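Trainee: Protein chains in written order, with our numbering: chain P, 3 to 296; chain V, 3 to 296; chain W, 3 to 296; chain L, 3 to 296.
Watch out, some of these pointers could steer you wrong.
Just so you know, same-sequence chains aren't split out, so a pair can sit in one copy or run between any two.
What the hints assert, rightly or not - No more than 25 angstroms apart at the CA atoms, straight line, and that leaves these computed lysine-lysine pairs for PhoX-like:
id: 1; residue 1: K266; residue 2: K190
id: 2; residue 1: K266; residue 2: K256
id: 3; residue 1: K172; residue 2: K144
id: 4; residue 1: K40; residue 2: K17
No wet-lab data here; the hints were simulated from the structure. Predicted model only: the values in this text are computed from it and were never measured.
Number of protein chains: 4
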Amino acid sequence: MITKTRCLKSMLASKELDFIMEAHNPISARIAQESGFKALWASGLTISASLGLSDRNEATWTQVLDIVELMADHTSIPILMDGDTGYGNFNTVRRLTRKMCSKDIAGLCIEDKVFPKLNSFLGENQQMASIEEFCGKIRAAKDSALDDNFCIVARIEAFICGKGIGEAIKRASAYHEAGADAVLIHSKKNNPSEIFEFTNEWAERCPVVIVPTKYFNTPTPLFREANISCVVWANHSLRASINAIKDITNEIRKKQSVASIESKIATLNDVFKLTNEFEVQEAEKLYLPSFDTV
Amino acid sequence: MITKTRCLKSMLASKELDFIMEAHNPISARIAQESGFKALWASGLTISASLGLSDRNEATWTQVLDIVELMADHTSIPILMDGDTGYGNFNTVRRLTRKMCSKDIAGLCIEDKVFPKLNSFLGENQQMASIEEFCGKIRAAKDSALDDNFCIVARIEAFICGKGIGEAIKRASAYHEAGADAVLIHSKKNNPSEIFEFTNEWAERCPVVIVPTKYFNTPTPLFREANISCVVWANHSLRASINAIKDITNEIRKKQSVASIESKIATLNDVFKLTNEFEVQEAEKLYLPSFDTV
Amino acid sequence: MITKTRCLKSMLASKELDFIMEAHNPISARIAQESGFKALWASGLTISASLGLSDRNEATWTQVLDIVELMADHTSIPILMDGDTGYGNFNTVRRLTRKMCSKDIAGLCIEDKVFPKLNSFLGENQQMASIEEFCGKIRAAKDSALDDNFCIVARIEAFICGKGIGEAIKRASAYHEAGADAVLIHSKKNNPSEIFEFTNEWAERCPVVIVPTKYFNTPTPLFREANISCVVWANHSLRASINAIKDITNEIRKKQSVASIESKIATLNDVFKLTNEFEVQEAEKLYLPSFDTV
Amino acid sequence: MITKTRCLKSMLASKELDFIMEAHNPISARIAQESGFKALWASGLTISASLGLSDRNEATWTQVLDIVELMADHTSIPILMDGDTGYGNFNTVRRLTRKMCSKDIAGLCIEDKVFPKLNSFLGENQQMASIEEFCGKIRAAKDSALDDNFCIVARIEAFICGKGIGEAIKRASAYHEAGADAVLIHSKKNNPSEIFEFTNEWAERCPVVIVPTKYFNTPTPLFREANISCVVWANHSLRASINAIKDITNEIRKKQSVASIESKIATLNDVFKLTNEFEVQEAEKLYLPSFDTV
């Protein structure tokens, strides 16, 4: 059977460069799927932000998971969930992993910082987890997954925390050995120098995932040359929606009317299509007696 | 003290035409507040849709309320919550009302159809609640509110269900008498004829709220002339976000790059501002010892 | 594979009389399993009551399901969930069914009254659902289950609502034909006359489940003779806990001391055993580096 | 107005010895109130255990708070919530505090260990939080409370973690200075020697709370002599329910009948009384039209 976990696993393992699109709720997830993306990034930053919460684990993992569950219900492509630092210790990671498996979420990405996490683009000298402790989390996640194809992506914050290539490679090796299906190497530079330094040195020992939020100008062919496995567009869907909501809201506010904006926004029919309204209408014919007979 | 309930109550009572903007999550709520709106509409349709669910009470009221609570936490203007049919009977309405009060949500709008509801723009011959039962809900809500200024808006679906002006006025009178702070008269026509027929006949016996989703082209001065109290722009924020997410997602998909769209979307700094990130950074100085000393 | 759904299905189908024990939270569920019961009844009444809510659907189905999910996580025997009237229409039943399947809950029992339900032992002249509408719910549940062995038990409230044997049999036939795996015939008499009238007439057309809360004095061999499939002890675990908590609480209150009650209550070690504490301690050795090295 | 926070505050401040009873769900909370207790302890251990989870923060704070909210809804006496280590850093404590205030929970107890916590009676050499960091949490809680009378109880785990009286007093002083309304001194000895060593040395600089789970045999007058402010009976209600459920479940299992146990357990009427069923029946007369007219 082609499961979501299997899809994500082969996407990570394949030699081709693949792309994973951020979503922060079920409707943005469905839109990403319909536009042709083959996998989704359930972003800690954007899910928190949509809830009005800062990217510091203000939302608990059960709150985040409730949303990612609905995202998985509403799509058929795999979701890689941004699990921040794993929300605690190895035991929290085990619980999270098991619940993710039963909710058909295909993979978990955890990062080697301490709980509660801080966004990687904020704050200097963030504190890293010990390698031994983080490897314990990776092994605990692998051992507790209900599905052998459930993927663990180990995110390395060495560059983010001001460490060099030595620390990054040392951690990547340990995480790979502990069972990670891929490593995610992160950088807050606005150029890909750290990333390519890493991929050179790493030499494809296991798949590499990147998040080019800051070095967005880097031409994609360079990622292919560097043998990157997957690129995560990690927050662009939410950021697009913010600007659109700002613009429309300001225009409505000023004009005291929606007449001029009606043609610029999705129709109600679009909304109904994205929420399976018409499927329910068909089901009514099967299951609901006509009002006359009730 | 100027509470949110008091603000909503005076907005409903005032002779001026006011505008209430839809929001479906805390971030869209904050954007609407920052653009100058004085009140928010927590829409059943758009909150459900953002969760990937159809507008048929697929989301339970506790799921919806969890989101509206976060919206109220993240804004300082009153929220009028779209409570559909009240999610059951008078007793469900009492529980909903009490929980809304403790979550600082300023008002509840309930409509005179049966649970589970169906979107007003779908389906012919929808079934109406009995007047007596619906008045019981209104009285139950008023009596159980923890705050005297908590507002009940009674939404009349007579036109939606194919009834005429007689039924609409009869219901409006009963609901007003039962204690509703305002009536919301709804129409699915693409012109305001039903609305103005109602306002003429009603003659300001209590404040009137409208939702011009279908008759969006009607010039706003006509609403003023008709002595409408409030206009609800009921779904435009979500609809704006859908188109924006579609456009950006498609562009990223095709170009396999975010370089060209970076300037079109909100910055990460915008995201951080909208989620109080910088307030937490200030608080760190007060409450968090430096990493060195930990 | 021996799944929970398969276990429940064969328990319903078997010629032997089986017993299903009520639980209202994960710890009472685990205790029932450890005492040897082969299946659990997740009772609407007792789950609501433990939450301080009346048995009138004051708790939403998502609130109830959150608890039943934890019960399923914490046990290995099948759970038959009391789904009241299905919390709405056919569409609500579909959503509930799908979510139950993904949470490894083995079967759903729905009853033919209207939402919000009222406890069967309260109120005269309760209103029944139309047969056609209720059959639509049964078919919708069967069609939407993710697992063919997921069980639907159709609960007949004809006797509860003051109807006679004719109505009960008519409904049982319709529900059986619509796909129910078993019917549950309920009675509020303090003797089993209605039940045996039904089983005589029904003549094993499909398995019959009963809930002898009011006719508790009936000797169990009589149920066997009547070819009952399963007996549900529907609320006894909660009722036992209430008396025990009352007694101990009163004693502590009066004596201003716990010295005299220590030997009457479970030890902390019992609590730790019932919550897998010692499993986590073993796991620590595998996954958690010693504190010295952190 | 006599608020719950005010009640708790004066109970802590008063010279009389008071008693706080554990509850793990709304029904046990109501029973404790009805037996005459003046305050409740929402225990992390017993709430987790009732959910089938170990006392290691397997339940997130939002899951725990959902239950404590229902406990507060269902009682009129103050609740002191066991907040473990505060579920993260100062910022998590701020969010928790604010949400508790809006849910009418009167006070928060936090302990000076690291997240995720481990039960105080398990494991040697548990790790303590730094004093400076823990004081930051106390100040953050006090500053963010929406009500000046919201109480913060600082729990000192020095004895639990193998430290001596010096460390305990040093921490108590720091926490008192940081704004704690009371300190809770904990001990896992089966005699009160550590407790009395502390109270002697502390000399009533601020109110002292104790949890005599292990030294349960100590006569209560000795606590009065030691000028203890409050005794928390921290887990006895759950432990009573476990034994009762075990006994009844085993008896039903063996006898295949409930006939012999009916008189030993609470009646259905008791259940209905504890869940406000009869209040809803009264309300029906006010708000629900008779079935005939619907």
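Trainee: Look at each hint and say if it fits the structure.
Mentor: Hint check:
no., hint, in the structure
1, K266 <-> K190, "between (35 angstroms within a copy, 21 angstroms between copies)"
2, K266 <-> K256, "both (16 angstroms within a copy, 22 angstroms between copies)"
3, K172 <-> K144, "within (20 angstroms within a copy, 43 angstroms between copies)"
4, K40 <-> K17, "within (15 angstroms within a copy, 50 angstroms between copies)"
In terms of the numbered hints stated before, the structure departs from none.
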